[in-house]
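> Read off the chains here:
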Amino acid sequence: MEQAEVMLDLLFYIFSAIAVAGALGVIVNKNPVTSAFCLIAAFIGLAALFIQLDAYLVGIIQILVYGGAVMVLFLFIIMLMDMASEERRRFGLGAVAAGLLVSVVFVVQLLRVLGDYSPGSKVLGVLPADAATDVEQIGKLMFTQYYFPVQVVGVLLLIATIGVIVLSKRELK
Amino acid sequence: MEVTLNHFLFVSGLLFAIGLAGVLVRRNVIVIFMCLELMLSAANLSLVAFSRFNLTESGGPDYNAQVFLFFIITVAAAEVAVGLAIIVALYRAKQTTDVTQINSMKN
Amino acid sequence: MTLLEAIIAIPIVAALAIAFGSPTRPTAMAAAAINLLLILMAFAQYDLSVEGVYQLAGSHPIITVPSVEQPGAQSILLGLSTGVDGISLVLLLLTGLVTLAAVWVSPAEDQIKGSKRLYYLSSLLISAGALGAFCSTDLFFFFAFHELALIPTFLMIGIFGSGPNRVRVAWKMTIYLGVGSMILLAGLVALFVALGGQSLQFGDLQGWANAPAAIASASLENGIFLTLLIGFGILVSLFPFHTWAPEAYATAPTPTAMLHAGVLKKFGLYGLIRIALPMLPNGAAHWQTLLLVLLVGNILYVGYVTMAQKRFDLMLGNSSVMHMGYAFLGIASLNVIGVQGAVLLMFAHGISIALLFALNGHLRKRFGTLEFDRIGGGLGKLLPTLGLLFGFAIMASIGLPGFANFAAEVMIFFGGFAGLYSQQEGIVIGPVQIATMCAIWGVVISAVYGLRAYRNLFMGPLPDSSKERKLVDLTLAERLPLILLIVALLVIGCAPGLLIKYLIPSIENISHLAG
Amino acid sequence: MPAYYLEIIVVVLGLTVLMVETFVSLRDKRSLGWLAILGLLVVLVLNFTVVETGGEGGNTPFWSFYVMDIPAQWFKGLALLATIFVILMSVDFSRVLSKGICPEVEDDGVDDCAENQVALSEFFALPIFICAGMMWMASAHHLVSIFVALETVTIGFYVIVAFMRRNVGSLEAGVKYLILGALSTGFLVYGFAWLFGVTGEMELGAIADALNAPDVHRTGALFAFALILIALCFKIGAVPFQIWIPDVYQGAPMPVTAFLSVGSKAAGFVILLRLLEPFMASEMLNANVTSVLVIIAAATILFGNLAALPQTNFKRLLAYSSVSHAGFLLMAVASAPAHPGVVSPVAAVSYYLAAYLMMTMLAFLIMNLIRVQRGDENLEAYKGLAKSSPFLAFAMLVAMASLAGVPLTAGFVGKFWVFVLALQEKHYYLVAFGVIGAAAGFYYYLKIVKSMYWDSPADAGSSAAVPVVVAWPTRIAIVLLVVGVFYFGVNPGALLSLFL
Amino acid sequence: MEEQNLPWIILLLPLLSAVSILLFTRRSGNISALISTGSALITLLLGVVLLRMPDDAVVAAFPWLNLSSNFVVEIGFQIDQLSRGMMFVVTAIGAAVHVFSLAYMKDDEGKARYFAGLSFFMFSMTGIVFANNFVMMFVFWELVGFSSYVLIGHWFEKNSAADAAKKAFLTNRIGDFGFMIGILLVWGLTKSIYFTQIASEVVDEQVLEGVSNGLLMAMVLCVFCGAIGKSAQVPLHVWLPDAMEGPTPVSALIHAATMVAAGVYMLARISFLIPMSAGAGEVIAWIGAITALIAALMALQQDDIKRILAYSTLSQLGYMVMAVGIHAADAAMFHLFTHAFFKALLFLGSGAVIYACHHEQNIWKMGGLAKKMPITFVTFVIGTAALMGLPFVTSGFFSKEAILGAALHGHKALFVIAAFIVLLTAFYMTRLIVVAFLGKDRSDNAAKAKEVPALMWVPLVLLAVPSVVAGYEFFYKGMKLSPMSPAHEGPVNVWLIVISAAMLVFGIGMAFWGYRGESTEPMRLNRIAQVFAHKFYIDEAYAWLIKVFQDGLAAFTNFFDRAVLDGVIARLPAAGAFRLGSVMRRLQSGNLQSYGFLFGLGAVLIIYLVVFK
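Chains as they are written, first to last, in the numbering used here: chain A, 1 to 173; chain B, 1 to 107; chain C, 1 to 515; chain D, 1 to 500; chain E, 1 to 613.
Hints should not be assumed to be uniformly reliable.
[Stated by the list, open to error] Sample of chain C residues lacking proximity to chain E, with all beta carbon distances greater than 10 angstroms (derived): (1) A19; (2) H60; (3) I63; (4) P66; (5) G196; (6) T243; (7) A308; (8) A495; (9) K501.
[To be verified] Now the stretches of chain A that chain E is said to cover, found in silico as 3 or more residues with beta-carbon under 8 angstroms: (10) 90-100; (11) 105-119.
None of these hints come from the bench; they were simulated from the model.
Note that beta-carbon positions come from the ideal geometry of N, C-alpha and C, so glycine has one too.
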């Protein structure tokens, strides 16, 4: 095995670990701000995995939209609120047990599915060099094939805009 | 160990499960919301992994999935916006973000 | 619009008219009277020489599908089809008579507490439901029309019922019948599916059922029959699903009790005869013993329950349950004589129980109670006309010859013994014969409680409490509807052939029945 | 006229409502509602008249996302109708709505003053946009278009459920719906990812082919199906994902509840039908898929009907009722197509949903009036209604009878075909559950009838004895619905023949 | 008048009378009485004419009930010696009773009802007599029961009358229970219900060949059950004494002469069936004998004049049934024929006495009536003599000898019992005459008694004649009645006469010696006499049985129905559904966290079900 490939595999484990650790950090930290930062870490780990999967544009968008815009929004809202009381709050024992139970069972089920999923044993190969870049491909698809969903999403965003205005405008009268 | 599709799928599923656990465990509605976003992203990882491994005839990844992913991210962002607006409104009305405090309707 | 459609439509139109402000009692009376006339016209137009088809038929196709038998043509899957044979004609007559009497005995407007419009409208709708069910030759509408009566009955008992338990009783009856009709629906749909799922028309269904091995497996056929038996059984208060009936009838306002116990309840029996017997002959044979056990429960068990009643209305309710056992016996004997007897009994019992409930209403109006102990007896001297008519009614219900009930019971008993001796199998005293003997003992039981009731109400010395009451005997207007019913019972009792000549061809047409 | 014009017109209509409000000074903003209703009626007529159906349209990529077949046309019609009734209700509801957004609004009893009508135009516009989303859902035939359309609707509902942002109930409902809705979206996306992964396709036709191919991976496909099913069960409110329904229905503004229970459910079912079709068609997956659907259907029927029994809040009762109807609909869905009969599951579900729309809207229209004029959603408020407002009481009686499945109403026909389908597939136990559920239904639907007809108002002098005022458009709507319930109950062919 | 219509007229005229009274003259007792009596007299006339009707006369039948297209139950007529003779008895006694009633019921409030009832009874009884098939017989069987109910309960304000009416009807219903089963068995086995058809099939074609004896016996005995009820045989005899609560003319007509004899008539009609089963006749004979014996014993200690006669009737009916059982149906019919006259006479005589004594029925409060009511006394004595069977001068002698003779030929044990009953009969009738008619009056009512009006004593006299002569051959041959078959004619057995005469004398002597001059019952305190007086405590036993078994069963089923069955079938599922609903509702805790948990749980569950199951 070439060293580059070993390196790539190693990177997979590193980024996966970052993502998983970040995700765990989100749920174990009492402070929402810390949680938010952990989430950013998880998103960055995810973005790295995307890039490893040769989805450069997606990875970058992931960092920009999630790690950037969305998380800023979250932090902004957290800051708006008084989070002092959050610190004192304890986890409910039942809730923890319930969460553990459900997610462990889910992971076990997933493992069994994956164990059975033969196509999943494909090894991550190298893409042919002559393939067009993903930006070009995605852009082309988006605006030649997917123009209908794009327009629908436009309406969706319109709804969201109106909704946010209606819900948060201080004085409507 | 060589990295296979299943590796990515497992990480994706694990993140999804962690997100799910977070939704169930946490009481702060904002953190819950974060966990939901995490779940979405985790699902995205599966999508990208499948895209990368379901090679098209030309040998490249199936970019349809990546296009889909753009829509998912867009929708998720919109959802975050609306969701946070609702949470803020709730906070204004009830001065709390604890989901166990919002249970005026039951049975 | 065919004659039958008019018969169904008239009460509905009259009910609508009442809802929109037409004078209540005159409208209802007119509708009932016109309907009775139309039903008699239907008898006149019915051609006895034509066999094996529904007559006076009309059809409005609603869903048509490409025909299975004739490629290219369309056949009716679902349609508002009407038609009658002898069996339905007889039941139409029953409905017409009881409806007229029920509207007639309805109290004058000022005596109804609550909405008068609702009162008369409900009666008419119940009647329309029964008429529709008896005329329909489409499984869907056959079922649907019967259910039309559910809500009016619920409202009538709940609003106008008597007694402190009316709420509970109305609920119980409605839920019970709701369960029953849902089970029935499942059974009917299963039958429709099992017979190919291509048509809901009786004619087509029967045609397919007549084909050899029409239903894929015996267990399926048995299952469908059992479902239908339970479904119809609940509606007819087959033991052990009978506990809704006595209280409901005791509580219901008089016209509702008359229509429900007299007419609507017959729907279940009609359904068994019209659908279950001819279309599922093997299922019928398979469950014959079970049905016999249950109907003996109706006759003996409920008979003894009836005997223990201390209130006249409850006694009537129970007795009506008990007598259903005889109709079931006629059906369970699986031969032409028994089934004819069952239909005749449906007619006779319908009229006689309606008559008894009408009298029950008169007693309730005069005493406010129906407990034997509190009335105390001795009314014969004080209310001679009521006593006389009451005597007729009681005698009819305990099967005195001359009343239609007797003729019907005799037919049923003969049906039960028709299979006693055959050249092939020799002599068999089988379950049917044993059940028949139990049923004959039931005649004794019904005489016991019938005569006890008459004894406790009308005979013996007059207690002081009654002397103080200003009791008025029946007025002429009150008598007429009762006399109408009594005359019907007597005419059919003395000349049952008047109806049987319509029944015989139709019932002999049900293949698989022993001759 | 190509079908996609319909949605465009609807979106433009929504924008028009917003624009008019912004640029025209209105004395009474409720006239915007009439404008919206008028516009939607036009679209409704167009939908069933000039729009071309069935054609593939062309080879443009558009037609891989969008189909216009009979079910699509049908569900577009349902969406439009539901929206029309919802806006009609919103007009009546405007006063309560304004109080819910801005409690400081002067309660001078004047409804028709623009100053007192807070955010009313948005409350008209959002359902119109959501309606467009539902119409897209009806036509969606591609994972992406399904997802986008579905989320358009879902996000729209997040907003309008929480619309009364000063009303705790509305907000609470909004949060619950948001969290659980987002959770289900997560499962949906995850499921779509797997479906794409297993089949390599995103267009439903291609997916069907892929699933039918011998080399499809069974476990993977089933896993994808399970994840998608979880999300869709949430949308339609099937057990065990019905949990949000009672709370959200109770908290949401009345017209929104109606919209949720009719529109959202119908849209959920159309997606469910579309996504199920490839799985059901695959012989390898069929058995598993069917068996789980049967279990879900049985549980849903049982839960919906039994949990409704002790309920005294009418709105909440209708929520449980909505769960139970989802169960009956699932009965039909679970009965695809091993033994094709005359009526297909799609036809049965379509008919059922149309009937459900009529009867539920009827109930909500009346409930809305009572809520606005008597301020009460409990059964108490209905006591003696038959005396004070016999017309409304009768209409409610019809609605309840139809919901309960009393024959000669549209609701019965729906149940009838559902039973036919289930028995065709020999789902005998499921039918048994259906029987139990339907019988229990008699109790709680008639409970309302009992309140209206048997009981007298708790205190005679109170508002309960005053007749409820019914504006003429609402009155017309009620009359039309009552007639419709009966007409389609007696003549089901009028609707069903579209599918035959 | 067409001869073929004659039976129809005899049948329908009384019905017409009853219906017209019901419909039109209900309020006028006198007109009703006249209508009814008129119809009775006309039917008597027609009944006599009928005696001339040939056996093969064809009378149009009315198809009453078409059981199927080839099986019709007719209202048809079987005109033969048996029915003609019976018809004569019925119409003759009916006419006498009608006339007697005109006086007896003169001032009764319910006179119209009474006469309607009488007419209806005449109609029903005629139906039984003419019946040519089992079902028709059953129809009229029930109708006589109904008219009996109406007439026993004529004074329904009296609790005792009301109860007696009910008891009579119900006891008969129990008998009819068996009768109906019997009819069904006959029909099931022979596929016919017509007497002549069955007779020919049974005898000529032997359709019952191969049918097990048990079944045949069941068939015969079930039919016999009808007779047990109607003819008040043990164990269903209890209603007849109580039926004396009815007006006395009714007792004479229905409960002495005609209706109660219908059982015997029916047995005679179907007597061809009895030999079909070995042992059935034996059972019938023994039941008859036991009835005759215990009824005679009970009669010994009764104080009510009508009850003594009632038990006497029971006893005589037992005689007749016994005769049928030993295959001497013609002897039974002969006795029925003679008994009808003298028992009607006795009852009407007792009616006259009761009328004269202002409705006093206790013989110990009478006494000395012989002088005050000579006509009544003489006719009563004639009746008594006939009942005892005074040799050679009374009709009862001949018929009783016929039965005794048959018993002597057939069954010695039965003969002993029958002979003993002669003694008992002589004893209790002598006791009656001695106490009621001789000696001194023992009450005011008796003291004020005087002879009854002519309307009452004329029927007595008229009945006294056949009581004497009906046994003579010239009479019944002349009337074309001829109940005796040649087999039993011929020389009279001397020993028979000696034994029965000895018994007779012994009985009369003992009673005369024991009761002459007594003013109270001398054996009142005797244990055995107590048992007789209390009718062997059978009524008490029945009352206990009914209370424990019937009413107890009823109460139990009622309780079970409400508490258990309703609970299991209705209340429990309803409560269960409600409870389950409440439990399910509790899942809706309102807590988002638990909702999330349920969602997750549901998700893994669905995944499990879809993927792993």
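> Does each hint hold? Answer for all of them.
Here's how the hints hold up against the structure:
1. A19: Fine: 33 angstroms to the nearest Cβ keeps A19/C off the interface.
2. H60: Since the minimum Cβ distance to chain E is about 35 angstroms, H60/C lies beyond 10 angstroms and the statement holds.
3. I63: The claim holds: I63/C sits with its nearest Cβ about 35 angstroms from chain E, beyond 10 angstroms.
4. P66: Given that every Cβ of chain E is farther than 10 angstroms from that of P66/C, nearest at about 37 angstroms, it holds.
5. G196: holds (33 angstroms)
6. T243: Incorrect as stated: the minimum Cβ-Cβ distance to chain E is 4 angstroms, not above 10 angstroms.
7. A308: violated (4 angstroms)
8. A495: violated (7 angstroms)
9. K501: The assertion about K501/C is violated, with a minimum of 7 angstroms to chain E.
10. 90-100: holds (count 4)
11. 105-119: This one holds; 5 residues, not fewer than the three required, reach chain E with a Cβ under 8 angstroms.
Checked against the numbered hints above, the structure violates hints 6, 7, 8 and 9; every other hint is satisfied.
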